[in-house]
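Peer 1: Here's the letter readout for the chains.
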Amino acid sequence: MDGCWTRRTFVRAAATAGIGAALQAVWPERIAKAAAAAPADLAAVTGADYYQNTLQAVELLGGIGRFVPTGATVGLLINHPFRNPGTHVNPEVALAVLKLCHDAGAKAVRSLKDEPSGYWQRGRRAKDHAGEIKALTACSGAYANMEVPKGRSLKKAEIIKESLEVDVLVNISIAKDHEGTRFSGVLKNMMGALPYSTCRFFHSGHTRGGWYGDVEFLSQCIADINTLRRPDLSVCDATEFVTTGGPYGPGNLAKPQAVVAGSSPVTVDAYCTRFLGLEAARVAMIRKAAEAGLGELDPGKVRLAQVRL
Amino acid sequence: MFQGRVWVLGWLMLLWACAAPSSSANPSSDSSLLGLLPGPEAIQGWAQAGSPQTAEGQDLFSLIDGGAELFLRFGFERAVAQEYAGGKGGAMRLEIYRMQDQAGARAVYAQKIGQDAAPLRIGVAGVQGDYYLIFWQDRYFVTITALDQESATTKALLPLGRAVEKRLGAPRR
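So the protein lines, in turn, are chains P and S.
Throughout, our numbering is defined as the position within the first sequence, counted from one, plus 51.
Throughout, our numbering is defined as the position within the second sequence, counted from one, plus 440.
It is worth saying that the hints were derived from the structure and are not from the lab.
Hints should not be assumed to be uniformly reliable.
[Said to hold, decoys possible] As a list, the in silico DSS-like pairs of lysine-lysine whose alpha-carbon atoms are at most 25 Å apart:
hint, chain 1, residue 1, chain 2, residue 2
1, S, Lys-595, S, Lys-528
2, P, Lys-306, S, Lys-595
3, P, Lys-150, P, Lys-178
4, S, Lys-528, P, Lys-178
5, P, Lys-185, P, Lys-212
6, P, Lys-164, P, Lys-185
Here chain S stands alone, though its shape is the one from the complex (with noise of 0.2 Å):
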């Protein structure tokens, strides 16, 4: 008699498991966050310079320090960070922070927009400023960073951020 109930709550958890929808429907959005740096083919000129940085939780804080509290609020999970130098000396600094869902992506990205920053096709929304560009999409939140005064660096922002995108899959809006 038990163990006819357990095989039943067994078969409703494995159908369950089935029809639930996955945290995310697309596959891309599952990689890791290491698979979405893109790599030297991505921007001529471009490439990863140094080791990526990562960050899960609380440990936000020791990458980011007190700016970690706006993520953890929104439902932080895990972040990366990567710097990219250029063949002329340029660096940009690339960080993609994944949140527990899309609201929390919208949510830091609504916080992070400054008012003299341009609206731009990205993801599912983002901007442009003088020396950066930030964007959301799924439950990606993306930051590129130019660090040094460059145009050839300001540039290469976009196409950057491109490659992210086209790394995170066709937004679900």
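In isolation and in its complexed conformation, chain P is listed as follows (with noise of 0.2 Å):
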């Protein structure tokens, strides 16, 4: 596979660019080298670091600024509305981003959702950050009605304005168990952008009954809202996760330890179904907003960099 850098590929990379004396040296000083050579489209870090997973899974894809110019305006989505373990974006993963979104010199870091009370200081380096976790401003709280006009079964959605008018949207999400669509990740996580009711026509707007009486419908509209606002970098949790009992658990917990980074939703989506056992493609959410053109849905047909830290 051609874009797909495992430890020995990546190892003969650096010794082709002439960078051999480096594999003594740390794994980050490595990774950023060979990113700036050549910035993958996806990336997955495995380790016990989850902060430093994250930080190193968007330096193998160029850097933060490839997606956050000096003085954006950056909203941050957030999957922690739960506390139940497996449930929730680590805090140190968040954290990581956020620090990152500072460094690129963003203008602003916007909270597209109020944050639990006490989630970021339940993240281990939350006081190193204390000044940036000060520094997230928070959003109106106003909805604006929009046409959805990519949309299929989606026509008309109500969206927190702030997601429309930020410069950079990143959205964190926390692949686990679902009991309707069987996977959340990324795209599921649009949904915390919308008022509950348009998440009740997303779940019974096919007017067939039960809140999980059309997976199919929920799972159109769940592409046609990424079409609103395509997140235009996504970072998928994936390093502690309910496998059964979600998307609320408790349940039975899988501990991959990785962190899943990406420019498309569609393959950061369709890379992290592999730790739930599933196949991307028999996930209907997934495969519909290929269909839209959101990404790919392969993630071996994209520049895939794979490390372990």
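Starting from two chains that each stand alone, build the complex the way the hints lay out.
Peer 2: Have a look at this one:
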């Protein structure tokens, strides 16, 4: 697979580039050099330090500057409303993205959803980033009523106003089981930017009864809303998550310790389905989003970097 | 003539109300949900942290979002959630869901048990996973989750579960 970076192919590439001597150096330095040479479209970094995994995943994509220009306003959409283990984004992952946005010289970083009480403080490095956390600005709470021009099932939607106004949208999700769609990740997390009334339409607008009465309709609506505001950077926390009992839990926990990042929400989700033993093409939401032009369904067809720290 | 019929009807309704079984024969299960939350006396070193959250009917979505569907499908009435803090920094979350009947509580339980969880003698039926404990009793479904990975917290799951079980009264199987 040409675009796939395993440790072996990385070392080979590093040697070819004349940096063989750097083999004794720490992984992050090697990653930075390689990423500068050929940024990946999709990066998966595994390791026990989830903060470092996140930093390195974005580095493999070419660095945060590829997504966040200096002076940009950034919106963070974080899947963090639940409290059960394995059902919300680990704060260390979100903290790493927050740090990167500030490093890039973002003018402002907005939190598109209010964090649950104490969310950031549950991160080990919260004290190191107290300034960035304090500088986060909340949203107005207002929703914009929008047409969805590319929508097939969803023609109109209310969506958090600021999610459309920010220069850069970063979707920070968690890969986990979901009772209805079987998988929840970046694409599904966009529902976090919607009010209950719009979410209810996703679930029952088909009039066939039941919250999950028509998963195909729900999946199409999820694909449609992602066409309205495609995230510029998608980060998926696949470190620890529920494989049963989702989306709320509790349930069986898997701990692959991976953080996956990419420019396409479809490809990031497609990659993450493996952690739940699913095939991306069989997850209707991901397949429909790919059909809507939101990215490549087959991670093997993009430049993929996989690294274990 | 009409007044007489009204009186007869009234007496019949009164007799029916007295004869009909209560929706819950167990007095303790009629207590308010808040009354089911164990206080600091129930588990040594642990106390309620913050205020309890409650939800009724469709409002459950505001409490647990998409997780609400399962409960509403099986006749959800009310829920209460309360976090507990331990002296050594541990944290647990207790959630008690009151369903319309026992069948609803049993159905939710059947959907929620994971294959990795071990059976536990608590309530009518219960299981304990690595970091959580769930059981059902009467028309209540109960989950207790450790919010950290400290062994002191996982050890406290069962005492908290027992305290809730006691407040629910003897199981009606």
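Peer 1: Now tell me, hint by hint, if it's right for this structure.
Peer 2: We went through each hint and held it up to the structure:
no. : hint                  : result
1   : S:Lys-595 - S:Lys-528 : 13 Å, holds
2   : P:Lys-306 - S:Lys-595 : 22 Å, holds
3   : P:Lys-150 - P:Lys-178 : 12 Å, holds
4   : S:Lys-528 - P:Lys-178 : 20 Å, holds
5   : P:Lys-185 - P:Lys-212 : 22 Å, holds
6   : P:Lys-164 - P:Lys-185 : 15 Å, holds
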